[in-house]
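Q: Below, each chain spelled out in residue letters.
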Amino acid sequence: MDIKEKQALFEEVLGYEGEPLQPAEKLQEVIEWDSMGIFAFIVMLDKKYDKRIKLPDVVRLETVQDALDLMHTE
Amino acid sequence: MKIGVAFPETILTNDDLAKEYPNWDPQKAFESTGVWARHIAKGELVSDLAIASALKLFEENGADKSEIDFLLLCTQTPDYIEPATSCIIHEKLGLKKNCGALDFSLGCSGFVYGLSLAKGLLVSDTATNVLFIASDISTKYVNRMDKANRVVLGDGAAAVLLDADDARNIGAFSLGTDGSGWDCLCIPAGGAAMPYSEETKIEATDFQGNTRSKENLFMDGTAVYFFAIDTVPPLVAETLEKNELQIDDIDLFVFHQANKTILNNLREAIGIPEDKFYINLTDKGNTSEATIPIALSELEKSGRLRTGMRVLIAGFGVGLSWGCTILKWK
Numbered sequence: 001m002d003i004k005e006k007q008a009l010f011e012e013v014l015g016y017e018g019e020p021l022q023p024a025e026k027l028q029e030v031i032e033w034d035s036m037g038i039f040a041f042i043v044m045l046d047k048k049y050d051k052r053i054k055l056p057d058v059v060r061l062e063t064v065q066d067a068l069d070l071m072h073t074e
Numbered sequence: 001m002k003i004g005v006a007f008p009e010t011i012l013t014n015d016d017l018a019k020e021y022p023n024w025d026p027q028k029a030f031e032s033t034g035v036w037a038r039h040i041a042k043g044e045l046v047s048d049l050a051i052a053s054a055l056k057l058f059e060e061n062g063a064d065k066s067e068i069d070f071l072l073l074c075t076q077t078p079d080y081i082e083p084a085t086s087c088i089i090h091e092k093l094g095l096k097k098n099c100g101a102l103d104f105s106l107g108c109s110g111f112v113y114g115l116s117l118a119k120g121l122l123v124s125d126t127a128t129n130v131l132f133i134a135s136d137i138s139t140k141y142v143n144r145m146d147k148a149n150r151v152v153l154g155d156g157a158a159a160v161l162l163d164a165d166d167a168r169n170i171g172a173f174s175l176g177t178d179g180s181g182w183d184c185l186c187i188p189a190g191g192a193a194m195p196y197s198e199e200t201k202i203e204a205t206d207f208q209g210n211t212r213s214k215e216n217l218f219m220d221g222t223a224v225y226f227f228a229i230d231t232v233p234p235l236v237a238e239t240l241e242k243n244e245l246q247i248d249d250i251d252l253f254v255f256h257q258a259n260k261t262i263l264n265n266l267r268e269a270i271g272i273p274e275d276k277f278y279i280n281l282t283d284k285g286n287t288s289e290a291t292i293p294i295a296l297s298e299l300e301k302s303g304r305l306r307t308g309m310r311v312l313i314a315g316f317g318v319g320l321s322w323g324c325t326i327l328k329w330k
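Protein chains in written order, with the numbering used here: chain H, 1 to 74; chain P, 1 to 330.
Keep in mind that the hints are not guaranteed to be accurate.
[As the list claims (entries may be wrong)] As a list, the in silico EDC-like pairs of lysine to aspartate or glutamate whose alpha-carbon atoms are at most 16 Å apart:
1. K4/H to D69/H
2. K328/P to D249/P
3. K28/P to E11/H
4. K54/H to D183/P
5. K48/H to E268/P
6. K51/H to D230/P
7. K54/H to D220/P
8. K54/H to D230/P
No lab work stands behind these hints, which were simulated from the structure alone.
Hey, can you work out the whole structure from these sequences and the hints?
A: And the structure:
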């Protein structure tokens, strides 16, 4: 999965429908990065990448790129 | 098994919530959680809802309350720290004096646990007619600015009446506990460990934008999700084995109605056909220990649940605690 596909999946999971998110964009400025969006992201990481993260791990994510970097299988 | 259900009068819809939360999408919330509306206790107490559900049960089934010799109440939001709310319900329902009354505190697994207690009372001849009520007003403890919990949770009650014949139609149980996760879902303040104080009233907003104090209900949704995904599939397998049944022998699967995402992922993980799996949170949300009997009542009234069917019920959540059994419907 290339970076564009990952980004599209990330946006789909959050239910984001605006202009494509920029990798440097701050997650706290993305309205869809709320409790529902974060929950959907965590569930997707578990199902698609067999990767489990906890809420404290999510707190450390600052940008869209940080979230995309998690989207791979170990 | 006879069932009566009751809800508080006030209904809060996602549209109502959207008026309070700017930039919050009510439709997206519905798609994610499966909840569009929920009943909210305004002045009602757990005992009020419990009594209303019992009266509905008596009215719809012609049950004779003078034959009830044990009252069990499952709640996490009792009227008082003491006495047991079941004693108050006993008095207000006018049950006879030689009738046991007992509260127990469990949430999402509580209905399954209650059936195990009721079955024990019946098969041991301790009681001949058990009135078991699951009643909760958890929204009373949810902060107004805690969107995550406010959208999912609702208040409600369900009463079931069981006799020895019903007990024979309740199969073997699988029950479990993992107390290491006690703080994943809790109301930290208000008990002896953390009495109410000025400090417990202080509100803080987390990075997801949800505000709460120590006097409010807290839920780590991610931890609860992983707990459910790890625990429920083996729980179902163990219960089927204990009852010497295969998954295909089950006509309906009724799990604790936690939220749509958890339920759909559990269904997929276990391999349950969609038409045998019940999800209905739309107009009531997650009513804690009352979700399973409310769902059973809905299924029976709609004709999907009929005499002779085998229903697997599974509860999981706060504690962390879980339980599962199989009912032969009558």
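Q: Hints first: check each against the structure and report whether it holds.
A: Taking the hints in turn, this is what the structure says about them:
1. K4/H to D69/H: Holds. K4/H to D69/H sits at ~13 Å (cutoff 16 Å).
2. K328/P to D249/P: holds, 11 Å
3. K28/P to E11/H: Answer holds: K28/P to E11/H is near 14 Å, not above 16 Å.
4. K54/H to D183/P: holds, 14 Å
5. K48/H to E268/P: holds, 14 Å
6. K51/H to D230/P: Holds - the C-alpha atoms of D230/P and K51/H are around 14 Å apart, at most 16 Å.
7. K54/H to D220/P: holds, 9 Å
8. K54/H to D230/P: It holds: about 15 Å lies between the C-alpha atoms, which stays within 16 Å.
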